[in-house]
Amino acid sequence: MPMDESVRKAVLSAVPSLRAFAISLCGNVDRADDLVQETLLRALANIDSFQPGTNMSAWLFTILRNHFRSEYRKRRREVEDSDGHHAETLKSQPDQYGHVEFREFREALAQLPSDQREALVLVGASGFSYEEAAGICGCAVGTIKSRVNRARTRLAELLHVNSAEDFGPDETTRAVLASGGE
Amino acid sequence: MNERKPVGQQNHMEAAATRNKKPTSKPAKLGRDVQARLGQQLRAMYDDVVNQGVPDRFAELVNRLDGDRKKDAP
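Residue numbers (the working numbering), protein chains in the order written: chain L, 3 to 184; chain C, 145 to 218.
Hints were generated in silico from the structure; no laboratory data involved. Any given hint could turn out to be false.
Unchecked claim - A few chain L residues that don't get close to chain C, going by computed Cβ distances all over 10 Å:
#	residue
1	Arg33
2	Thr56
3	Arg71
4	Gly140
Said to hold, decoys possible - Ranges between beta-carbon positions, derived for each pair:
#	chain 1	residue 1	chain 2	residue 2	range
5	L	Pro115	C	Gly211	38 to 44 Å
6	C	Arg201	L	Thr145	34 to 40 Å
7	C	Asp192	L	Asp36	17 to 23 Å
8	L	Glu7	C	Asp192	25 to 31 Å
9	C	Asp177	L	Lys11	37 to 43 Å
10	C	Asp177	L	Pro115	23 to 29 Å
11	C	Arg201	L	Val143	33 to 39 Å
12	C	Pro199	L	Val9	30 to 36 Å
Said to hold, decoys possible - Now the stretches of chain C that chain L is said to cover, found in silico as 3 or more residues with beta-carbon under 8 Å:
#	stretch
13	175–181
14	191–203
Positions of the beta carbon are idealized from the N, C-alpha and C atoms, including for glycine.
Next comes chain C alone, as it looks inside the complex:
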């Protein structure tokens, strides 16, 4: 994995890639701050849908099925 060519043998592309690369490839542990931000974004996206409430089609569906059950009841 960590096989490294001597610096002098690196071609330009590789050198550029190395320079631009932040140490992301260490999936060891995310900082708490990063986890918190990811969590915030995830919840914001999710809550965007939750805040739309119950669409009419589902309210009607549940009420209709409930009505059917009552009719069927002995």
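Pulled out of the complex, with its shape left as it was, chain L reads as follows:
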């Protein structure tokens, strides 16, 4: 059966957000795009198991996340068994990720344990509800909530933020403020 036009559109419209999620998981644009490609191949090969009327985006995110867990983490473990490796990958390739201005934040994010990072990104950036994020990660809603809370707390520590006033803009912005202000 050919793919319904609305299904094809739904798949395509999920791609930008899938990429952003994949980059937050991999910390590397090239690997993230490979992950997205493999996700799309799997999803389209199994499109008949998608239930019309349910959330296409959540379905694709689930496939991507499971694929990442099973394949990419296994591969990475062969190289180095630590979450620190993720942060190191980022530091060595700052330009691959995108713009420099998010560097400080990105590096802090990369230092979070991966289950906290994915929970925070799904809820805080991808716009999924706690329930949807729990479905994607295959865990309880309460688990997602506590991971998101721990992620926020840890991020604040890593960025040395105690209050909104402490929330320094990153270096680029600081330089601009310093030269322009007063």
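Fit chain C to the given chain L structure using the hints.
Just chain C now, with coordinates in the frame of chain L:
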């Protein structure tokens, strides 16, 4: 955890560390303002990628696979 030496026995390093240390080590609850700022940064970073749209390779991939399916259809 909170074992404290009498002030007089603190060495200089410790004293300096204490002075410079803001009360970060209380991970109890983040203020709403902090949470909001963290959220803004996270979304800004994420949206930076989202705003790149659908790269050609993925548009082509989806269209090609869709074409294959149509060809295969009875």
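Indices of hints not satisfied (ascending): Those not satisfied come down to hint 12.
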